[in-house]
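**Q** Below are the chains, spelled out letter by letter.
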Amino acid sequence: MSEPDPARQSRPLADLLADPLMAAHAARVEIAQATLDYIRTAGFEPTADGDALQARTVEFEFTRPAGPGPDGQILSEAVKMPIPLLAITEMSPQTIKDVLIDFALEITSVTPPDSDGGPAILSGLTHASDTIPPPGAAPRVHITLKAKDVGVSAGLTQMIQIMAHAIPHAPSRT
Amino acid sequence: MSDSNQPQDPASPLSLEALVQAVAAAITEAQARIDAAHLADLEQFIDENGRSRTLTVRLPGPDGEQVVDIPLLSFAAPTALRVTEATLAFEIDPAGLVLLGASVADLTPDGFAAHATVTPSAADGRRPATMTLRLEAIPAPAANT
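These protein sequences, in sequence, are chains A and B. Quick note on numbering: the first sequence equals residues 3 to 176 in our numbering. Quick note on numbering: the second sequence equals residues 645 to 789 in our numbering.
Honestly, the hints are just simulated from the structure, not real lab data. Note that the Cβ used here is the ideal one computed from N, Cα and C, for glycine as well. Any given hint might turn out to be false.
[Claimed, not checked] Residues on chain B that point at chain A, a partial pick, calculated with CB under 10 Å:
(1) Ile671
(2) Glu692
(3) Arg702
(4) Thr776
[Stated by the list, open to error] One side only, chain B facing chain A, incomplete, derived with CB under 8 Å:
(5) Arg677
(6) Leu683
(7) Asp685
(8) Asn693
(9) Ser696
(10) Thr728
(11) Ala730
(12) Phe734
Next comes chain B alone, as it looks inside the complex (with noise of 0.2 Å):
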């Protein structure tokens, strides 16, 4: 194994690049981990045959009573709960902040868009800015029904 992945001291310096992908990279594998938790709850409305778990209730009906099996699913359909989006917020040395003529979109990864803004905490310019990054997840598109 190469020392390359080896964790580095935080104190050296860490691309824009760097810090926005990894971000990403947390948030869809926080994400991943809800999507798979979600599916499980679903397992439970399913029996072991694939059948859809139900209540058997005798219900009123114009004819008499009648016995009808609803599917559990349709009294309490889980619902997903999907990132939409992540706002960081750190400081920066404007000394420091080079421009490289790369615009913020071109750092975006896949599947999410940002928006950076930087603010200046004192006039002089000496002390440590404030840049905002906010990554928005953008939804998946629809299947075709």
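For reference, chain A alone in the conformation it holds in the complex (with noise of 0.2 Å):
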């Protein structure tokens, strides 16, 4: 006797939501973390002693006027700077703004809702949305989920200001 195919089973309708928004997720955290190995390796670069990572500069040479001389020439001054890369190269963190999850559902049972109001649940089996049901089929419903990014969140955003407040405080290690 053939095993079920695990694809056609019959699985509640949050799994089903949950399960491709849980994927979106994952990639997204990839991404984030993707950036973050990007800004480590091109940004910076390990210290000699190890203990550290150093920012990667590229070095900037170029003259200007210094003011009036004895003789009243105006003098120039060579001068050199230092500068992050990071602070000269564009850095637009990728990720997954807008998620569409589109499918149709085949209701296969219906749990009604519990003694405690509960809503009731409904468990189904997944298809590609443009099949068409066979004569007889058990009620289909075509589902269209969009979720968003809404961004860093307000409590977040605040612990960020405060930390970000913090640095300049930050005893300096020179």
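Take the two lone chains, each set in its own frame, and fit them into one complex as the hints suggest.
**A** Structure follows, in structure tokens:
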């Protein structure tokens, strides 16, 4: 006797909705990690003693006017300026901003509301949304779910601001 | 355990209210799982003592090089994913459609706004009509800071 196809097993609707959302979430985490890795490797390099990272810099050299000299001529001075690479590199973190999940669901069972007034639970099988149900098939519902990136939460934003203010006050370890 | 919570045959009538509430509950649960995963990700930015994980970097400055601990959160703060809308389209038998005097808004669970449209698929009305139900998640009000 052949094993039932897991893809054809009935599952609660919450699972059917959550699984693709969790996959999108996992992808977003991987992208964020890749961004962090990029910043770490492209923007910094290990120091000789290995206890810190050193900002990769590019050195700009130019001359600029330095005021009048004793004989009235305008003097110039050479300036060397190390600029952190990250400061002059376009860095726009990538992420998944919008998620659109579209599928057809064949309702296979309905668990009525519980005695505490909880909602009914639908279980079903998913189908490609363009398939046509055979005559007499179980009720089918076409579901489109939209999710979007709503940004950093207010609490986290505030926490980052607190940390940003704390950085200049950290003891300098030159 | 009573038999009242046993799964029933999907072919038996399912009220619109039960359908809307079941779908809204499934969306709420899916969102809760995403939120839990999001919180777990945030913990990766904080060490076991509750301190923010940092990158220790040497930066050039006007007074020479200085060492600064930069919180990882400031490089890639995790953003939240939120379900904003779900649309359900299903066939209904127009002959069995009974107007109860209740609006869709009456059936809508807390935290959602609902909009419904019914599109007849044939002029004679004998073939199934399509009902489209759109549930919009209402964002929670921002906390006062």
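**Q** Take the hints in turn and mark each one as holding or not.
**A** These are the hints, each one checked on the structure:
{"no.": "1", "hint": "Ile671", "result": "holds, 6 Å"}
{"no.": "2", "hint": "Glu692", "result": "violated, 18 Å"}
{"no.": "3", "hint": "Arg702", "result": "holds, 4 Å"}
{"no.": "4", "hint": "Thr776", "result": "holds, 9 Å"}
{"no.": "5", "hint": "Arg677", "result": "holds, 5 Å"}
{"no.": "6", "hint": "Leu683", "result": "violated, 10 Å"}
{"no.": "7", "hint": "Asp685", "result": "holds, 6 Å"}
{"no.": "8", "hint": "Asn693", "result": "violated, 15 Å"}
{"no.": "9", "hint": "Ser696", "result": "holds, 6 Å"}
{"no.": "10", "hint": "Thr728", "result": "holds, 5 Å"}
{"no.": "11", "hint": "Ala730", "result": "holds, 5 Å"}
{"no.": "12", "hint": "Phe734", "result": "holds, 4 Å"}
Hints 2, 6 and 8 from the earlier list are contradicted by this structure; the remaining hints agree with it.
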